[in-house]
Amino acid sequence: MANQTLLTAQKTSDIDTRQNSLDYHDDSEAFVDLPLAENGTRGRDHTRPRLRERVLRGVVAVFSLVIGVGLGTWYSSVTTSAAPSDLASSFGINTNTPIPRHIFTNRKNVPFIPHPEYMGASDEADDNWAALTAGSDTIYLPDPAQYNQNESGILAPFFTFTKPPPSAASLPNLKNFYVLNSLHQLHCVHMARKRYNMLVYSSQEKPVNPLAETPIDKDWMIHLEHCFEYLRLSITCADYMILESDSPAGSPEEYTKDGLGWGVTHSCIDWDGLMKFQKAQVEAYNRTWMG
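Using the working numbering, you'd call the opening residue of the sequence shown number -8 and step up by one each time.
Hints may contain errors.
[What the hints assert, rightly or not] Here are the in silico distance ranges between beta carbons for each label pair: (1) Ile84 to Lys197: 27 to 35 Å; (2) Glu220 to Ser242: 29 to 37 Å; (3) Pro239 to Asp134: 42 to 50 Å; (4) Ala240 to Pro206: 48 to 56 Å; (5) Asn172 to Leu215: 15 to 23 Å; (6) Gln176 to Val199: 22 to 30 Å; (7) Leu202 to Lys99: 36 to 44 Å; (8) Ala240 to His217: 37 to 45 Å; (9) Tyr187 to Arg98: 28 to 36 Å; (10) Ile84 to Ser113: 35 to 43 Å; (11) Glu108 to Ala240: 25 to 33 Å; (12) Leu222 to Phe152: 21 to 29 Å.
[What the hints assert, rightly or not] Below, in silico cross-link-like pairs of lysine to aspartate or glutamate (DMTMM-like), each with a Cα-Cα straight-line distance of 20 Å or less: (13) Lys209 to Glu220; (14) Lys166 to Asp263; (15) Lys197 to Asp117; (16) Lys197 to Asp208; (17) Lys267 to Asp118; (18) Lys185 to Glu220; (19) Lys185 to Asp134; (20) Lys197 to Asp114; (21) Lys185 to Asp114; (22) Lys185 to Glu108; (23) Lys166 to Glu216; (24) Lys185 to Asp117; (25) Lys185 to Asp208; (26) Lys99 to Glu216; (27) Lys185 to Asp210; (28) Lys99 to Asp263; (29) Lys154 to Glu274; (30) Lys185 to Asp118; (31) Lys248 to Asp237; (32) Lys270 to Asp114; (33) Lys270 to Asp134; (34) Lys185 to Glu115; (35) Lys166 to Glu204; (36) Lys267 to Asp249.
For the record, the hints were derived by calculation from the structure and aren't laboratory data. Idealized CB from N, CA, C, for every residue including glycine.
Given the sequences, and given the hints that come with them, work out the whole structure.
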């Protein structure tokens, strides 16, 4: 029994010695040098590991916040500095335009189907086409430089064949009319339509010779050659790229026969609004010289 007691005491002494050895180990990051406890050993300080963990978490949180703010600022700069005007221009859309925004935003879903009132050689069709192009193909700009138009425009269309009065001729805005490409294209289609109807639907009493050498016929040829080339350039330029399907399912036969592909719906600008704007610009010009 005495030997067993001595052995137990020796083991306890060895444990205390090893414990003291550990406590005095130079591991300053994990422990601090504490006073001896009642049993002669030194205790562990768990405060510093917890403090270090909190500091580490704080550093990670701050780092994450900085990265998040940086990425957010970068994304915001990309999406705001490149949009909307830069993004629009990359698609060939000129945002620096005098045309009011609502004409573009008040869009209408228009099915592309035949409208007999614009087709054929009837008086009704002629009148409707004349109304479409009555305002010529130009827009009056009081300050062309505001829209990067540094070259001179064209003469006010109603003075093309009439000498302008002195009150208009003396002003610097006499040639502040600029052609709008959509109206120019429409004008060209109208010219081709008129000449086509003359040749195809001319009466037997008054046949039209397409190769006549009269000044009128020569002028028609020059004008139409211009229009065909302008339309070719406009189509191949493709200012706005629109993809069209075949005629929608369920379309009537007159839309699908001969592969014409009628019936596809397009998102269109407010054409009536554009016509009102064009008229308002002419009125604005007239006020500059009519008093």
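### Query
If you check each hint against the structure, which ones fail?
Structure breaks hints 1, 14, 19, 23, 26, 32, 35, 36.
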